[in-house]
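Engineer: Sequence:
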Amino acid sequence: MKKDLRLDTRSDRKWKYFENPRGDKRQNIQSTLDTWYDPSVPEDERQIALLAVMKQSDHLQHLNNLLRNMNLEGVPILIIDDEADQAGLNNKVNLGVMSTIYRHLIELRQLLPHHSFLQYTATPQAPLLINIVDVLSPDFAEVLTPGTDYSGGKEFFLGNPILIKTIPDSEIPTQDNQVIDTPETFLFAMMLFYLGVAAGYIKEKGRGNRSMMVHPSQKIAPHGEYFHWVRQMNNQWKKILGQDANDPARIDLLVSFNRAYQDLVRSVADLPSFAQLVDVLPRAINQTNIQQVNTSGGKTPTIDWKNEFAHILVGGQAMDRGFTVEGLTVTYMPRKAGVGNADTLQQRARFFGYKRSYLGYCRVFLEQDVKDAFTNYVEHEEHIRQQLKTYRGKPLSEWKRAFFLDNALKATRGDVLDLPLMKGGFSDDWYVPNYPHDSDEDAISANREVVNRFWLQLTPLNEKIFGKLSVNKHLFATDISLTDTFEQLIVKFRTTHPSDSQRFTGLMLQVQRYLEQNPGELCDIYLMDKGKHRLRTISKNIGRLNLFQGRSHSTEPDKYPGDRQIMVKDKLTIQIHKLNLDVEAEGRDIPNVSVITIWVPQKMEHGWVSQNQGGIL
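To convert, take the position in the sequence shown, counting from 1, and add 55; that gives our numbering.
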């Protein structure tokens, strides 16, 4: 922030900076604000009070105490909540109380009569999924697009697979797998890094930075082991490289480095020759700063980026959220995916950033499940971004909380959500509504009109008898455009019960995504019983619709297979049912209810998550 606002270099003193201010700064801040009402102060000389406050209980409490006794009426204030998905949200919402940081933020907003609250985060899942009645639930969203030099998930996991390396399970330390010797992939990662450092000395004269991040665990104990391995290999390699050119150990070591060099050549077009890099390797190894980044020494150390060109940093949680590694080229992360929260996973991706100019030197070493999770996260993130772009300038209260998410991941931590998430994904399965009787008359009438209008424009229609009885006769239309069906029938069909609606929204996500890649896809549509009204009773005990007619109990070989079998296995199939409903619990009949069920073939499978926000879906 100081760098971006040029606080230490600009001469106009436009910003008056206060870091974690307390009561003794009250007069100073008030006098800064008073200049805006003083006609003797030229407008271009009036200062803006900039208060930078750590999102910690004591700092926020001091801030609120300071502001409580100030005259802030009419003062425009912008609150920027950086990393808005972390710390500030109410992680005790399911206990019916307010967490400490959340309570302080609520009080802060109450103290400021004229303010805007801006939430800033790269992982918006939690703020988007908290209850929309929560005061920290965003009203609007603006998607920020990074500059052209930014390299994110698409560049790493989709566009340049050579940058991603897999750490085998045998080299992942777990309770059941003690890794005693330096892992081979770790040695390879260090060699890649040092070759990149050597290239940096040759091509850039050591300007800027080159860094390697080792991220074994959020626990501190394993950090020491990897830190020891780095030191050990540094000393060993320096000693071996100092030997005579014909020394067997030196020859063997350079053979290993050459394997790493051949890997780099595939992604770096102007890489210096191997001989040139070997000449600089001793310097690259000797002048690299090796440091643990954790609280083992009390306070997390600050990295002096200006003092050293090359760094190897070993740490855990301290290098997750908000930690910037300058010139990061090689990441080694020998850890499992953990609980699988998508936003937490993304916050570990310190290897993303503005590195287009040296992307070829970058390598990321991950366990296979973590690698798969990052790859799947790319689509999840892009889908959220596209949805938020669609709702730019519109109230987020109108946005259906539904998006793609791999079934191996969770959207966010559960302690900040008081509304449940539904995870699903149809694959060789039916979407069947359970509660069409929960709809009001307007929805029932609208659905009837949508279905009738759509069916009447289908030609030609065919008639087919399933089994020997003519009663099991259905009309059907085959090879109908799925795009037209999606737009004219599926999207327009209304579901009001939360459970049905969430599943139906997830189904629409799957179909829409498949159509983006297969716009010419066709489907089959059946009008069950040729449109005759079937009677269905909603029993008191069950409370939901049992829609499908079962298969015939006849011993005849050509018997009715049951409604569930009326579909084409590898093709999206829609059944239209016309029903008269007898709702026992309410003692009422609902005539002429149109219901659609949809068979989703395996080729359209996709995981998603959906949330009902008080009847929005």
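Calculated directly from the structure, the hints in this document are not laboratory data.
You may find that some hints are simply not true.
[As the list claims (entries may be wrong)] Under the rule of at most 20 Å between Cα atoms (straight-line distance), these lysine to any residue pairs were calculated in the SDA-like manner:
1) K528 to K455
2) K58 to R262
3) K354 to T379
4) K519 to K478
5) K57 to N120
6) K220 to T514
7) K147 to K519
8) K444 to K426
9) K220 to L191
10) K209 to Q442
11) K258 to Y490
12) K658 to L570
13) K633 to N573
14) K391 to L570
15) K478 to P616
16) K354 to V333
17) K410 to Q567
18) K57 to Y490
19) K110 to E98
20) K633 to K444
21) K71 to V108
22) K528 to K444
[To be verified] Label pairs and their computed distance ranges (CB to CB):
23) Q441 to L127: 35 to 45 Å
24) K449 to E496: 41 to 51 Å
25) R164 to G617: 37 to 47 Å
26) Q342 to G202: 41 to 51 Å
27) Q342 to N301: 36 to 46 Å
28) N341 to S171: 47 to 57 Å
29) E259 to L199: 21 to 31 Å
Since the model is a prediction, treat every value here as computed from it, not as a measurement.
Beta carbons: idealized from backbone N, C-alpha and C, even for Gly.
Engineer: Between K57 and N120, does the CA-CA distance stay at or below 20 Å?
Structural biologist: violated (25 Å)
Engineer: Lying within 21 to 31 Å: is that true of the beta-carbon distance E259 to L199?
Structural biologist: Holds: the Cβ-Cβ distance is about 29 Å, inside 21 to 31 Å.
Engineer: Holds or violated: are the alpha carbons of K258 and Y490 at most 20 Å from each other?
Structural biologist: violated (68 Å)
Engineer: Can the suggested window of 36 to 46 Å be confirmed for the beta-carbon pair Q342 and N301?
Structural biologist: violated (27 Å)
Engineer: Verify the proposed pairing of K220 with T514, using a straight-line Cα cut of 20 Å.
Structural biologist: Violated - the C-alpha atoms of T514 and K220 are around 54 Å apart, more than 20 Å.
Engineer: Given the hinted pair K478 and P616, is their alpha-carbon gap at most 20 Å?
Structural biologist: violated (31 Å)
Engineer: Does the Cβ-Cβ separation between Q342 and G202 fall within 41 to 51 Å?
Structural biologist: violated (31 Å)
Engineer: Quickly compare the C-alpha distance for K58 and R262 to 20 Å and report which way the hint goes.
Structural biologist: Holds - the C-alpha atoms of R262 and K58 are around 19 Å apart, at most 20 Å.
Engineer: Verify the proposed pairing of K633 with K444, using a straight-line Cα cut of 20 Å.
Structural biologist: Violated: K633 and K444 sit about 38 Å apart, past 20 Å.
Engineer: Taking 20 Å as the top limit, are the C-alpha atoms of K410 and Q567 close enough?
Structural biologist: violated (34 Å)
Engineer: Quick check on a hinted range of 37 to 47 Å for R164 and G617, using CB atoms only.
Structural biologist: At 58 Å between Cβs, range violated.
Engineer: Holds or violated: K354 with T379, Cα cutoff 20 Å?
Structural biologist: holds (17 Å)
Of the numbered hints given earlier, the model fails hints 1, 4, 5, 6, 7, 8, 9, 11, 13, 14, 15, 16, 17, 18, 19, 20, 22, 24, 25, 26 and 27; all others are met.
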